[in-house]
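Q: This is what each chain is made of:
Number of protein chains: 8
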Amino acid sequence: METSVLARLDHERGVRTGVPEVVFAAGKTLDENVALMRGLFERAGFALATRVPAEQRAALCEALPGAVLEPRSGAVRLGALPRTTTSIAVVCAGTSDLTVADEAAFTLEAFGHDALRVTDVGVAGIHRLYDAIEGIRACRVVIVVAGMEGALPSVVAGLVRAPVIGVPTSVGYGAALEGVTALLAMMTACAPGIGVVNIDNGFGAAALAHKIVTAK
Amino acid sequence: METSVLARLDHERGVRTGVPEVVFAAGKTLDENVALMRGLFERAGFALATRVPAEQRAALCEALPGAVLEPRSGAVRLGALPRTTTSIAVVCAGTSDLTVADEAAFTLEAFGHDALRVTDVGVAGIHRLYDAIEGIRACRVVIVVAGMEGALPSVVAGLVRAPVIGVPTSVGYGAALEGVTALLAMMTACAPGIGVVNIDNGFGAAALAHKIVTAK
Amino acid sequence: METSVLARLDHERGVRTGVPEVVFAAGKTLDENVALMRGLFERAGFALATRVPAEQRAALCEALPGAVLEPRSGAVRLGALPRTTTSIAVVCAGTSDLTVADEAAFTLEAFGHDALRVTDVGVAGIHRLYDAIEGIRACRVVIVVAGMEGALPSVVAGLVRAPVIGVPTSVGYGAALEGVTALLAMMTACAPGIGVVNIDNGFGAAALAHKIVTAK
Amino acid sequence: METSVLARLDHERGVRTGVPEVVFAAGKTLDENVALMRGLFERAGFALATRVPAEQRAALCEALPGAVLEPRSGAVRLGALPRTTTSIAVVCAGTSDLTVADEAAFTLEAFGHDALRVTDVGVAGIHRLYDAIEGIRACRVVIVVAGMEGALPSVVAGLVRAPVIGVPTSVGYGAALEGVTALLAMMTACAPGIGVVNIDNGFGAAALAHKIVTAK
Amino acid sequence: METSVLARLDHERGVRTGVPEVVFAAGKTLDENVALMRGLFERAGFALATRVPAEQRAALCEALPGAVLEPRSGAVRLGALPRTTTSIAVVCAGTSDLTVADEAAFTLEAFGHDALRVTDVGVAGIHRLYDAIEGIRACRVVIVVAGMEGALPSVVAGLVRAPVIGVPTSVGYGAALEGVTALLAMMTACAPGIGVVNIDNGFGAAALAHKIVTAK
Amino acid sequence: METSVLARLDHERGVRTGVPEVVFAAGKTLDENVALMRGLFERAGFALATRVPAEQRAALCEALPGAVLEPRSGAVRLGALPRTTTSIAVVCAGTSDLTVADEAAFTLEAFGHDALRVTDVGVAGIHRLYDAIEGIRACRVVIVVAGMEGALPSVVAGLVRAPVIGVPTSVGYGAALEGVTALLAMMTACAPGIGVVNIDNGFGAAALAHKIVTAK
Amino acid sequence: METSVLARLDHERGVRTGVPEVVFAAGKTLDENVALMRGLFERAGFALATRVPAEQRAALCEALPGAVLEPRSGAVRLGALPRTTTSIAVVCAGTSDLTVADEAAFTLEAFGHDALRVTDVGVAGIHRLYDAIEGIRACRVVIVVAGMEGALPSVVAGLVRAPVIGVPTSVGYGAALEGVTALLAMMTACAPGIGVVNIDNGFGAAALAHKIVTAK
Amino acid sequence: METSVLARLDHERGVRTGVPEVVFAAGKTLDENVALMRGLFERAGFALATRVPAEQRAALCEALPGAVLEPRSGAVRLGALPRTTTSIAVVCAGTSDLTVADEAAFTLEAFGHDALRVTDVGVAGIHRLYDAIEGIRACRVVIVVAGMEGALPSVVAGLVRAPVIGVPTSVGYGAALEGVTALLAMMTACAPGIGVVNIDNGFGAAALAHKIVTAK
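Residue numbers (this note's numbering), protein chains in the order written: chain A, 1 to 216; chain B, 1001 to 1216; chain C, 2001 to 2216; chain D, 3001 to 3216; chain E, 4001 to 4216; chain F, 5001 to 5216; chain G, 6001 to 6216; chain H, 7001 to 7216.
Because the hints were derived from the structure by calculation, they are not lab data.
No experiment lies behind these values; they were computed from the predicted model shown.
Glycine residues also receive a C-beta, built at the ideal position from the N, C-alpha and C atoms.
Treat the hints loosely; a few may be bogus.
Not close to chain E: a few residues of chain C, all C-beta gaps over 12 angstroms, as computed [as the list claims (entries may be wrong)]:
| hint | residue |
| --- | --- |
| 1 | R2016 |
| 2 | G2027 |
| 3 | D2031 |
| 4 | R2038 |
| 5 | F2041 |
| 6 | E2042 |
| 7 | R2043 |
| 8 | A2054 |
| 9 | R2057 |
| 10 | L2064 |
| 11 | T2084 |
| 12 | M2148 |
| 13 | Y2173 |
| 14 | A2176 |
These stretches of chain B come out as covered by chain A in the derived footprint (C-beta under 8 angstroms, 3 or more residues) [to be verified]:
| hint | segment |
| --- | --- |
| 15 | 1116-1128 |
| 16 | 1146-1154 |
| 17 | 1157-1171 |
| 18 | 1189-1197 |
Ranges of calculated distance between the beta carbons of each label pair, as one might list FRET restraints [said to hold, decoys possible]:
| hint | chain 1 | residue 1 | chain 2 | residue 2 | range |
| --- | --- | --- | --- | --- | --- |
| 19 | F | G5027 | B | P1065 | 46 to 54 angstroms |
| 20 | E | E4032 | C | E2055 | 53 to 61 angstroms |
| 21 | F | G5135 | H | G7135 | 53 to 61 angstroms |
| 22 | B | D1031 | G | A6026 | 55 to 63 angstroms |
Chain A with its partners taken away, still in its complex shape (with noise of 0.2 angstroms):
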């Protein structure tokens, strides 16, 4: 039998669709995700990974000088994309958001963004979100990161001309489903513009403000 061939990188991406390849660190040996960030790093200049298994994180940035480590979610990056001027708003709805909501935002600063942080304005008490509302209005993007009923991306939507792109959380138990409910909340919600993915999916908010604010 052949021998099975270790992700073989698509160093072309970056250019192609605007989001470079990064590695999804989760399942990957230390050695495998080592030599993944260094393959990506010596030939862009820039590298990162996402959920980093907690026992790998000091070894990996030991490994691979430069790096920098976001704590919660476990991203690791070895520099990053030319700085622009753009600001992103990273809402969340409750401090159990802050893993997802903190990989977003390492992920838009490696990519060369600003990102506003406004944390802990859920809908149960809404007037705290009023209070944070025109710093995100002035956003070229935002994201909401909620979890249990979801329903803070609705209400953002309702008051902002960004697009809205809304991340589900796996936080709450019993009916919350882990982040289904969430999911099926945020896509049909009564707010028109806003965009979905999937569960706990920080990077993938990221990298698709990163496409609003890049693309043409």
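Fit chains B, C, D, E, F, G and H to the known structure of chain A by using the hints.
A: Chains B, C, D, E, F, G and H only, in chain A's frame:
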């Protein structure tokens, strides 16, 4: 085979539970519904039917002198329980939810209470809720009817002291899953103090509100 | 990247909604939970945390002099709201439901109410419920906790005038679907006047009961 | 292409399994149903069809002299199996379940048994069950038909020595999920000794009861 | 707060329903299980526990002299009900279903009946069932345990006169959905006369068989 | 707005994949279906449409001289692919599955193969399958069509050397979940060597069989 | 009871969110739809309704001089927003998806943008996508409409720099689950940079695209 | 109680179905797996086990001289079936799918066939598939392994004449639903000629391919 017996009315139910027995008219014939309404009214001086099929409504009202029809949901009542001084809010997110909201409000009024109607205050235009919030705050119980993402009960429960009863509706399409998404979302709402009833169950919400204000 | 901000406490929530903000301790570190409890207590003279992880309980209580622990569910309180003269029943179907029932009862008592406990009165031995029914009828609200087929709220709601709050639990296996079956069953109960909260959400049931007895 | 063959009757099935082959008439044409009934009757002196479409019932009975129609469910029989002295209870929770309960009772009587009908004893008015319990206890098997939350089999199985057959029905709306909720609830009932058949399958419940009382 | 009461045993259950109360040991402590078993045995001269956690089994048996352990499923009994002359078949589709089949057979024998074991006769090698069919046909009830596609009860019910009890198991992966596929398949089996119990519920199947053979 | 273009036919598909493009007629107008059939036939001397709506069938055949109609499923063909000497079995569990089985058999014959029809050999009367097994064993591929519990493919795959294609059907009610139960059951069948196609997809099964017998 | 109020129009929505309020016409009467369109047009010089029921379309257009109808989806507009120079692609997988794609394209043009239509480029004939890719790459946003397995957005997102909006459709049968399969598939697409909207929500996709190109 | 019998091997299965019986090692003890492998090998000169638990692999290979281990999936073989000249492709979408793809390829080679491995050709970089397509086209059957949105089988089936076997994998998170999304997507693929096997069932795909190439 012993003949099947038609619905044996449980006339003591009102005494035992505080909610009089009512007729769920869908799926029954006109003759059955007329007979059941008459039976209830003769004993208790009050009768209520919900979900009378559209094609039976005129005939039912003709057969029952003094009957009052709620035209959207097809609820019909004969008489009413004694008037109270209690106000209960019936808040709904969109025009499409009016069938369910009207069933709830008509039932409340049949049970003797005032129903404060607040319509079309969905979360995508949340400022409209603020305009009405003082009136809602003056109510003893707040029924919130919402389909699609079902987010409105969370927002309301974060703004009022009264208990909130959430009624998911089957309004929406696709990911709304005929009301299941709204039901799950209300269940996992981040604001505490919400009790949820079945999809489209305006009567059930009114019955729960009635028990809340009349018990003890 | 702006540093993520820890849970901003919403200190006015108690005034606005009648339910004080509480700490959902699961998924937070011991230090976070200690700090949040202290912050709440210093402002309001009362603090409640639910679902403190088993391994943090001793340390949390040691760090917070005067803390009272509910040992099954891991709820912890500092102080209590003023005593009322209201009794609220907490009825449960089986021994396995005690974790949820204890969280509800502990929360009720922290909020100042008397909790009447009625345990192990499942529908498969319904006579045991009859023995206790008079005490239950004397309560202002009845919380009914049940897993598996979730039938007990229907039976209770057919016997009492008080509003019934149904709490489905994740007790059971196979077709119990981790509480979803009980949740759906309570939603479609044939007795009107039941408000349902999320699976295993004993705290939420108590918060709803508290709003019912204190509002207006 | 070889012509498709119409239902090949399995005439030895009665001998092999104790349950004669019957005609599931829904989805077949009138001519097919007449031919199948005649074929069964000519061989065995007995024929039973279930779910005859409403528009075929009169014509089918006219084409089959001596046919007996069960008007709610559309079951039709020609002849009957020899009378036994066995009584089997058919208990149902609500008027809406009568279609299924009538199919079960008609099948039992066609198979030679007495069907004790107990109707409208739902769990929300459980005292009505107590009035009938002695008669139910005198039966060899108890079929319990229930929709919505499907709680009645649990209660009955906790009160009688006979085996209980649960038949979930598609009665209800919203969270009833067309009978799936009742099915799951009966599956996870806290009382042991309940065998469950498919949603609305009154015939299947009767066939199982028949095997229980005639086997060996 | 009134102290939570441990499982109140329902000692009259055996008289009322024909199935003695048993201990569901999973989720209880060793001390609780020992106490419950002793309590049952002292009153009735018989006690049965199912699903004793692996780590409690040795200690439980040591604490209860005369205890008999079923090693796969962790059922334990003290004493047994009087022997009958009834044989009940326990048929299973694959080796992986033995945990559930053993629980069923052990329960049957504890209740006084003979259990005829037929193992590894899955539908993919249906000839093996034929070799065993005469023995199965001599039994009063047939319990059929099957996971994955859950097809075996249909095949067996087409071959025997005895009532068939289907027990879906959580054996399988992927589309087996932890037993839900087998449960649904058994529900919609094309052979009539099958009563289905919960996933992996070997005890429940035995309890139903016991009621079938002992009632009246 | 640029006018929407009607189905651009992919005429090289037959060369590229071995399966000619066919018309899925449901949801298209009569004119569209006539034009698409003519377009295919003019290029390739062969055209096949499946699921022609009942009300279009006569007109479509009239508009297309030489058209051959399969009356149950509404498939229509013009011409046929060259005859092969290959036999493919189409086995089905019940009369109700004939619509799907007929679509499969008609497609096979349109593609040039012999279809061996074996009907009404469901698992509840498994001896009927044995009567037909030698003919089935002589076929190069076996298509097995089954609804309800979907068990027949497992049994057949345990008896023959040919690859088995399982086609779940939407036959059944309640727990059959419109074919999803049969689909899941076939997926998790205990006999290896079964490839499953979509619910009611008789055409797809025939296309797969055609690729199996003609590839290379 | 206070009379229910008809849809209160939220005229500032366009200012606040960049997307003008539109009329969701399904489920409303002709009179309501006429009144709502007139109200919007009088204030803003522009009005759009989607999903006008087939039987209302002619009358609505007659009642609203200058109305333009999109015939497949039943969208109707009065006037249009100012023309931009932006092109947005609307790519769809099959003819059956045209209803949704046409709603999206019509909305885009009503909002002032050019819609580049690319039709019938499903993944089973992926070369057709390549023929059109250069035109797609010249667009600022790409809307991809696909039913069944919903794979097209992944393929497109791997080929273009523009952000991709995925619109799952309810096209398909059986395992397509009325669009839920396509929705889930788009959510978990392996290409980053896709935002997903509700099933069949062509309008929502256009609204999101409009926000992307006009915000800031 | 009669002792439970260990897996009775069905040694004639190879003769009857063309696929030898194999050992599904997960959930069995080391001793059971050694005994089963020895039993198979002594009779037939060939034995295959799949899913040997990681902690048993070394010991199993030591106990069975000549055993060959596939290290990712834990398949083990003793001997092999006679070599054929048939090539079968095993195509997979991503590195994460290699466990399943390796099980399929190892099984194919144990059954005597050549496995052409094509790895990391997911639909988000579809050009990589084109580079490999000629090799794939030269194969008699194509197995396509894909998780997440499961789109690759559609694309491949639109490009080759060989039958395609789709293997959904549990790779992905959130909306991937542990492989159910990929399973449903493959089922409803727009390219005909795909047979789907269970989630992660690499062995089953190889068994079906083996039957396709060896039957008749």
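Q: Which earlier hints turn out false for this structure, listed by number in ascending order?
A: 12, 13, 14, 20, 21, 22
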